[in-house]
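There are 2 protein chains.
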Amino acid sequence: MSLDFFFYPSSVALFGSFRKGAIAREILRNIVEGGFEGKIIPVNPKGGTVEVGGKTLTIKPKLDEPVDVAIIAVPAKIVPSLVDEIGPLIKGAVVISAGFSEVGNDELERELVEKARKHGVRLIGPNCAGIFGVHGKFFGSFEVRVKPGGLALISQSGAFGGAALAMGNDEGIGFSAFVSYGNASDLNESDFLEYFAGDENTKAIALYIEGVKDGRRFFKALRCATGKKPVIILKAGKSASGARAAASHTGSLAGSYEIYRAVFRQAGAIEVEEMEELFDAAKAFEMYPMAGKRVAVITNSGGPGVLATDKLERLGLEIAKLSEKTVGELRSFLPEQCSVRNPIDLIADADYERYKRTIETVCRDENVDSLLVICVPPIFIPSGEIARAVVEADCDKPIIANFMAGELVKDGVELLERNGVKNFPTPERAARALKWLSDRSSP
Amino acid sequence: MSLDFFFYPSSVALFGSFRKGAIAREILRNIVEGGFEGKIIPVNPKGGTVEVGGKTLTIKPKLDEPVDVAIIAVPAKIVPSLVDEIGPLIKGAVVISAGFSEVGNDELERELVEKARKHGVRLIGPNCAGIFGVHGKFFGSFEVRVKPGGLALISQSGAFGGAALAMGNDEGIGFSAFVSYGNASDLNESDFLEYFAGDENTKAIALYIEGVKDGRRFFKALRCATGKKPVIILKAGKSASGARAAASHTGSLAGSYEIYRAVFRQAGAIEVEEMEELFDAAKAFEMYPMAGKRVAVITNSGGPGVLATDKLERLGLEIAKLSEKTVGELRSFLPEQCSVRNPIDLIADADYERYKRTIETVCRDENVDSLLVICVPPIFIPSGEIARAVVEADCDKPIIANFMAGELVKDGVELLERNGVKNFPTPERAARALKWLSDRSSP
Chain C
1 MSLDFFFYPS SVALFGSFRK GAIAREILRN IVEGGFEGKI IPVNPKGGTV
51 EVGGKTLTIK PKLDEPVDVA IIAVPAKIVP SLVDEIGPLI KGAVVISAGF
101 SEVGNDELER ELVEKARKHG VRLIGPNCAG IFGVHGKFFG SFEVRVKPGG
151 LALISQSGAF GGAALAMGND EGIGFSAFVS YGNASDLNES DFLEYFAGDE
201 NTKAIALYIE GVKDGRRFFK ALRCATGKKP VIILKAGKSA SGARAAASHT
251 GSLAGSYEIY RAVFRQAGAI EVEEMEELFD AAKAFEMYPM AGKRVAVITN
301 SGGPGVLATD KLERLGLEIA KLSEKTVGEL RSFLPEQCSV RNPIDLIADA
351 DYERYKRTIE TVCRDENVDS LLVICVPPIF IPSGEIARAV VEADCDKPII
401 ANFMAGELVK DGVELLERNG VKNFPTPERA ARALKWLSDR SSP
Chain Y
1 MSLDFFFYPS SVALFGSFRK GAIAREILRN IVEGGFEGKI IPVNPKGGTV
51 EVGGKTLTIK PKLDEPVDVA IIAVPAKIVP SLVDEIGPLI KGAVVISAGF
101 SEVGNDELER ELVEKARKHG VRLIGPNCAG IFGVHGKFFG SFEVRVKPGG
151 LALISQSGAF GGAALAMGND EGIGFSAFVS YGNASDLNES DFLEYFAGDE
201 NTKAIALYIE GVKDGRRFFK ALRCATGKKP VIILKAGKSA SGARAAASHT
251 GSLAGSYEIY RAVFRQAGAI EVEEMEELFD AAKAFEMYPM AGKRVAVITN
301 SGGPGVLATD KLERLGLEIA KLSEKTVGEL RSFLPEQCSV RNPIDLIADA
351 DYERYKRTIE TVCRDENVDS LLVICVPPIF IPSGEIARAV VEADCDKPII
401 ANFMAGELVK DGVELLERNG VKNFPTPERA ARALKWLSDR SSP
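Protein chains in written order, with my numbering: chain C, 1 to 443; chain Y, 1 to 443.
Hints may contain errors.
Here chain Y is said to cover these stretches of chain C; the calculated rule only asks that three of the stretch's residues, wherever they fall, bring their Cβ under 8 Å from a Cβ of chain Y [to be verified]:
#1 227–239
#2 270–278
#3 338–351
#4 371–385
#5 424–432
Far from chain C, some chain Y residues (derived; all Cβ distances over 10 Å) [to be verified]:
#6 Glu65
#7 Pro75
#8 Gly120
#9 Lys356
#10 Val421
Simulated crosslink set (EDC-like; lysine to aspartate or glutamate; CA at most 20 Å straight-line) [claimed, not checked]:
#11 C/Lys220 - C/Glu271
#12 Y/Lys20 - C/Asp349
#13 C/Lys20 - Y/Asp349
#14 Y/Lys410 - C/Glu276
#15 Y/Lys435 - C/Glu274
#16 C/Lys435 - Y/Glu276
#17 C/Lys410 - Y/Glu407
#18 C/Lys20 - Y/Asp351
#19 Y/Lys147 - Y/Glu33
#20 C/Lys435 - Y/Glu273
#21 Y/Lys293 - Y/Glu313
#22 C/Lys435 - C/Glu313
#23 Y/Lys118 - Y/Asp68
#24 Y/Lys410 - C/Asp170
#25 Y/Lys137 - Y/Glu200
#26 C/Lys91 - C/Asp191
#27 C/Lys410 - Y/Glu276
#28 Y/Lys147 - C/Glu407
#29 Y/Lys435 - C/Glu273
#30 C/Lys77 - Y/Glu336
#31 Y/Lys293 - Y/Asp396
#32 C/Lys147 - Y/Glu407
#33 C/Lys325 - C/Asp394
#34 C/Lys397 - C/Glu286
#35 C/Lys325 - C/Glu366
#36 C/Lys356 - C/Asp411
#37 Y/Lys435 - C/Glu276
#38 Y/Lys20 - C/Asp351
#39 C/Lys410 - Y/Asp170
#40 Y/Lys410 - C/Glu407
It is worth saying that the hints were derived from the structure and are not from the lab.
All C-beta atoms in this analysis are idealised placements derived from N, C-alpha and C, irrespective of residue type, glycine included.
Generate coordinates for the entire structure from the input sequences, incorporating the hints supplied.
Put into structure tokens, the structure is as follows:
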């Protein structure tokens, strides 16, 4: 089923208050400032005008023309009748309003779904934070806007989603879409998995869930999606106390975590343990669809090279055994103090040429599937020089970069990111990125 | 043994080249710019002057007065004779120069040690990145300067140390001292552990090691230090490949990791798994010496509360069971939709008053040892308001804060940090901080 009308709409109507600080106004501001190129219709019985993002829009007292999607932020009790009224004019509705099943008003939610079904309207929410269709420049949520890229984020928790978008911005992640689906009265995680599996702008899908209602359907949707692209899952409510808290939060039966875990694994999803890992995995998959297990580590400092090696082995990856040919070649141009066995230590005065030639030599080795390139602040040259070596090296295998630390390698990290190479701030986080990439290579 | 003359010197002499880009000049610049208030004497047979940090210093052709510490960055082969020459004038020498046992020149290193012993001079290095005595405003290294605080960082790897200082700056950590001890020809990790255990400016010690030479002495020094303050250890060379790499890097016999692990545990040290954790643990211990196991989670968003709960349980901490009195009190002033069972969900519109009163109520509960306070970007008020509630709440139990994410809570995080409350960027990292604090409470 195509949900393009939600994520690539050509017109949108907003229902709610447009006073300063009101939710509908914040969403309107995001849509206008985000550069949406379709028709935008604010609707409120009081009429008037609203100024946002340097534009003045006329507020219509009622909707009187067809639009792709309606975003609704009016009091819960009038939502069903509104949907009944505008049903013939809309394809989908995003219901931001809270006050439905999550506070025990199951009857009101049933009524909402019934009105929507009557008109063939699909629903997202209620009790949700809205949606983004980033490549359609459609920011239909009050959450912080994000850069375009390959990650579709599906979140059962609106606030988690909002925080994740903001962290994603900090981590340099690009997004294709965001959906907070709240009470999942109609469309749920399985629908979005299926949809984003087919969305050409989405390279990877990230899913935050506390629980699902229809396990069988979820498994099917998940397997369908993982067959096409990586799906990263952060499951909350894994512990006994966490599951109780989830039940009170989203009303989810978090269920036995062991069952979820088995489902994720069997369906080929990448399960992450922590919020930070969700971003690290997303960064890796925005760059590469997968990578083999045999890693070459290249560094200008022994210590971080050892830390990376420890972590790689612990995660079940292999420290690639370089061929004698590679070792000989490295020996031929590297200074004597360098270590030419994996991890390869180019020592502190390594420059552009030393990095580039080493990367290219190692990349040609048939025993190597992927490269982890570490750079601590070089003493005599700017880190941008090393970054340029990473970017310009002729290598067709996945390269994961760990430039550290902070301010001292800022120019290097910026150069990497301008060229689509995402940086991982510690050796261990870089190693973990390779682990997830390798999970996609072995069935 | 006091090593105050190294970390709180009243005078320092530098030996090396003071040309642009030379190591001795970079160290001199750091010492001058760092505001060292004692005497600074650059020494080079060529004499002349050197301009650094807006000051012009006269380079003496030779040292002709006593100083506390000499920092030496001259070619390896002339270091022993230099130490022999200046031995009567100095208490300690930091030998930056490389080219000793780490490249097989064991004889030269033996000679260096012999000359130092002859004059009763203590040695740090050779082949090291230098030292900082931050509270003595003494930045005797080319590494990036840091803010004063409670963490003493002891690093076997100079480059690791440098990267760690830079990351520490980014993470808002304050340092008391830094020492890169290189080949450990004289003073080693055990000496520094003993010294910093007694240093009043040091609240916690962080140690990066690949291997130690004298295990018995190390165990004794470690146990002595942990009896006085927390010692955080990151051991590199844990895996088979990592151990091999460590052997080639610092010449360490990394040995069986299982033995190290047992030693760390028996001595009461906090072992961390990753570089990032070293900072998180340091942040926790800069604030609190320890914390009990029973945690109350307070949040304005269900999802992150569930993630924190999951992690706490997984780490063996307890989700505190609030007393009926506490639950009743919370019920009396919190809106109906809030969850008053731990984790306590104050929901999206929580403000200063709601956070402050909840923290104070929960803090009085005898079943609660510590608090984890989560804040996702509040919609209607600045995050600074919530941060002010955390800071101003009347609570004498450890509070760990997790404000997320990034730009959106910047004002809140800044307010926290100005008031000595360090922020942890994800719920899971905050939970882990409490785990380390609790490790210090149970023997």
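Hints versus structure:
1. Given a C-beta distance limit of less than 8 Å, the hint that chain Y covers the segment 227–239 of chain C holds, as 5 residues qualify and 3 suffice.
2. Coverage of the segment 270–278 of chain C by chain Y holds in this model, with 4 residues showing a Cβ closer than 8 Å to a Cβ of that chain against a need of three.
3. Here's how the segment 338–351 of chain C fares: 6 of its residues keep a CB closer than 8 Å to some CB of chain Y, so the rule of at least three is met and the hint holds.
4. Coverage of the segment 371–385 of chain C by chain Y holds. Counting CB-CB distances below 8 Å, 4 residues qualify, and the rule asks for three or more.
5. Judged by the Cβ-Cβ criterion of 8 Å, the segment 424–432 of chain C is covered by chain Y as claimed, because 5 of its residues qualify and three suffice.
6. No Cβ of chain C comes within 10 Å of the Cβ of Y/Glu65; the nearest lies about 31 Å off, and the non-interface call holds.
7. No beta-carbon of chain C comes within 10 Å of the beta-carbon of Y/Pro75; the shortest separation is about 15 Å.
8. Against chain C, the non-interface label of Y/Gly120 holds: every CB pair exceeds 10 Å, the least being about 32 Å.
9. Taking the minimum C-beta to C-beta distance to chain C, about 20 Å, the non-interface status of Y/Lys356 holds against the 10 Å cut.
10. A cut-off of 10 Å between C-beta atoms confirms that Y/Val421 is not in contact with chain C; the least separation is 19 Å.
11. A hinted pair counts as satisfied when its Cα atoms are at most 20 Å apart, and C/Lys220 with C/Glu271 qualifies at roughly 17 Å.
12. Taking the CA atoms of Y/Lys20 and C/Asp349, the gap is about 16 Å. The hint holds against a cut of 20 Å.
13. Distance hint between C/Lys20 and Y/Asp349 is fulfilled; the C-alpha atoms sit about 16 Å from each other, no more than 20 Å.
14. Distance hint between Y/Lys410 and C/Glu276 is fulfilled; the C-alpha atoms sit about 18 Å from each other, no more than 20 Å.
15. Only pairs whose Cα atoms come within 20 Å are accepted, and Y/Lys435 paired with C/Glu274 is accepted, the gap being roughly 16 Å.
16. Distance hint between C/Lys435 and Y/Glu276 is fulfilled; the C-alpha atoms sit about 18 Å from each other, no more than 20 Å.
17. In summary, the hint linking C/Lys410 to Y/Glu407 is supported, as the alpha carbons are separated by about 18 Å, within the 20 Å threshold.
18. Between the alpha carbons of C/Lys20 and Y/Asp351 the distance comes to roughly 19 Å, so the proposed pair stays at or under 20 Å and holds.
19. This hinted pair checks out: Y/Lys147 and Y/Glu33 have alpha carbons roughly 13 Å apart, not beyond 20 Å.
20. For a cut-off of 20 Å, the pair hint linking C/Lys435 to Y/Glu273 stands: about 17 Å separates their Cα positions.
21. Distance check on the hinted pair: Y/Lys293 and Y/Glu313 sit about 10 Å apart at the alpha-carbon level, within 20 Å; holds.
22. Pair hint C/Lys435 plus C/Glu313 holds up; C-alpha atoms about 10 Å apart against a cutoff of 20 Å.
23. At roughly 17 Å between alpha-carbon atoms, Y/Lys118 and Y/Asp68 fall within 20 Å of each other, so this suggested pair holds.
24. As the CA atoms of Y/Lys410 and C/Asp170 are separated by approximately 12 Å, the hinted pair is consistent with the 20 Å bound.
25. Taken as a hint, the Y/Lys137 and Y/Glu200 pair is honoured in the structure, with Cα atoms around 15 Å apart against an allowance of 20 Å.
26. Between C/Lys91 and C/Asp191 the alpha-carbon distance is near 16 Å, which keeps this suggested pair within the 20 Å criterion.
27. Among the hinted pairs, C/Lys410 with Y/Glu276 is consistent with the structure: their alpha-carbon atoms are about 18 Å apart, no more than 20 Å.
28. Restraint check for Y/Lys147 and C/Glu407: the C-alpha separation of about 15 Å stays at or below 20 Å, so the hint holds.
29. Of the supplied pair hints, the one linking Y/Lys435 and C/Glu273 holds, its CA atoms being roughly 17 Å apart against a limit of 20 Å.
30. Distance hint between C/Lys77 and Y/Glu336 is fulfilled; the C-alpha atoms sit about 18 Å from each other, no more than 20 Å.
31. The straight-line distance between the Cα atoms of Y/Lys293 and Y/Asp396 is roughly 16 Å, inside the 20 Å bound, and the hint therefore holds.
32. Note on C/Lys147 and Y/Glu407: the hinted pairing holds, with a Cα-Cα distance of about 15 Å set against a maximum of 20 Å.
33. Simply put, C/Lys325 and C/Asp394 have alpha-carbon atoms about 18 Å apart, close enough for the 20 Å limit, and the pair holds.
34. The straight-line distance between the Cα atoms of C/Lys397 and C/Glu286 is roughly 15 Å, inside the 20 Å bound, and the hint therefore holds.
35. Distance hint between C/Lys325 and C/Glu366 is fulfilled; the C-alpha atoms sit about 11 Å from each other, no more than 20 Å.
36. Note on C/Lys356 and C/Asp411: the hinted pairing holds, with a Cα-Cα distance of about 18 Å set against a maximum of 20 Å.
37. About 18 Å separates the Cα atoms of Y/Lys435 and C/Glu276, which keeps this hinted pair within 20 Å; it holds.
38. With a C-alpha separation of about 19 Å, the suggested pair Y/Lys20 and C/Asp351 falls inside the 20 Å cut-off, and the hint holds.
39. The suggested pairing of C/Lys410 with Y/Asp170 holds, with an alpha-carbon distance near 12 Å, which does not exceed 20 Å.
40. Proximity of Y/Lys410 to C/Glu407 is assessed by CA-CA distance (about 18 Å); at most 20 Å being required, the pair is judged to hold.
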